[in-house]
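Undergrad: Protein sequence lines correspond, in order, to chains R and D. So in our numbering the end of the first sequence lands on 118, straight run, no missing numbers. So in our numbering the end of the second sequence lands on 793, straight run, no missing numbers.
A couple of the hints might just be wrong.
In the BS3-like style, the derived pairs of lysine-lysine whose C-alpha atoms are separated by at most 27 Å in a straight line are [said to hold, decoys possible]:
1) D:K724 / R:K58
2) D:K739 / D:K724
3) D:K739 / D:K686
4) D:K751 / D:K686
5) D:K724 / D:K785
6) D:K785 / R:K58
7) D:K751 / D:K739
8) D:K785 / R:K10
9) R:K10 / D:K724
10) D:K686 / R:K58
11) D:K686 / D:K785
12) D:K724 / D:K751
13) D:K785 / D:K700
14) D:K700 / D:K724
15) D:K751 / D:K785
Keep in mind the hints are simulated off the structure, nothing from the lab.
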Amino acid sequence: DSGVTQTPKHLITATGQRVTLRCSPRSGDLSVYWYQQSLDQGLQFLIQYYNGEERAKGNILERFSAQQFPDLHSELNLSSLELGDSALYFCASSPRASGGRTYNEQFFGPGTRLTVL
Amino acid sequence: ELKVEQNPLFLSMQEGKNYTIYCNYSTTSDRLYWYRQDPGKSLESLFVLLSNGAVKQEGRLMASLDTKARLSTLHITAAVHDLSATYFCAVDMVNTPLVFGKGTRLSVIA
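Isolated chain D, as found in the complex (with noise of 0.2 Å):
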């Protein structure tokens, strides 16, 4: 059974600072996606990752994804308080659906 593992689950940064969540699974996937969700709102797509060393960035945001250590980041460069959400990871296999992480729940403070 796959298993998908974030942390931390919850994560006060100060603006300014940067910080790194990390996703860890349990079986082997080379397809790893990253969502953001804001409070009471829906999840939104926020990167697509899928190959062994596949990094892509978003304004403060940079997303990275090593298939044999079975392990993605989200970097999160200078934060900004725009940046507070829950960040989830899902794991893509065949023949079954994402499997998610529980959640980061990022607060960026002044």
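Chain R with its partners taken away, still in its complex shape (with noise of 0.2 Å):
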């Protein structure tokens, strides 16, 4: 266990619909990174927030966003959902905003599987 949590662990949903995944980092954590994976285009970045701020985006669509909140908390929302955003959602986790003059290991947690019908 990482000790990062998600939620929910499945979500079946219809193209054309919004739905929010939720994230909470390990205690003491402060960045918060969320992946998607689907079975052909391997593990993806999308976006990743530290202590509440957007910190650095990667191949995410107008459609998705992400917020951290106060509590470090993180929501995804993804919106106007297509087929193609069936896939496994990975929120992560690392003490930093990056690595500097120390490592900054990111932990992963179980992911939210999604699938649009």
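Combine both chains into one complex, guided by the hints.
TA: Shown next as structure tokens:
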């Protein structure tokens, strides 16, 4: 158990709908990362938040948005869902914004499996 | 832009054999991580390599880092079925999130 929690574990919805995925980082970690993993695309970095602020952006679609709250939990909002959005969505957390003078290992949550029908 | 390449991407090996997975990266870094992922499961941290020449071993897996060659290896000794999984390397740099390789899907067969 990494200490990172994600809810829900599974989500089934229809095209055009909107869903929210939730992540609670490990105690003491200030950074939260979101990844999408589908069969044909591998592990894709979406976005990072550090202490409530957006820190880095990856391949995140405009239909997707995220935020990190004062208690450091994070939510990933996916809207106007398409069939191709079906994937495993992982949240990870780390102590710092990035590797500086010390390392910044990421710890992954169990994931949310999203199925869009 | 940092690029991380793993090879092979797919590996089928017999039980009892040895093999090595390679992770090459394009920019100077002295911090590299290896993760394991079972099908449909999360990524689990295996090794943290923090300096040139670092070597870590856990059971039948041994990871090493050569920062001058920008290369990390994950060596599998006497493979067993339980090692079947996807293995990712990830490189850590200042001011960027981890950059992951595409993963090596390992299948150990009898």
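Undergrad: Which numbered hints are broken by the structure, listed smallest first?
TA: Number 12 - this is the single hint that the structure violates.
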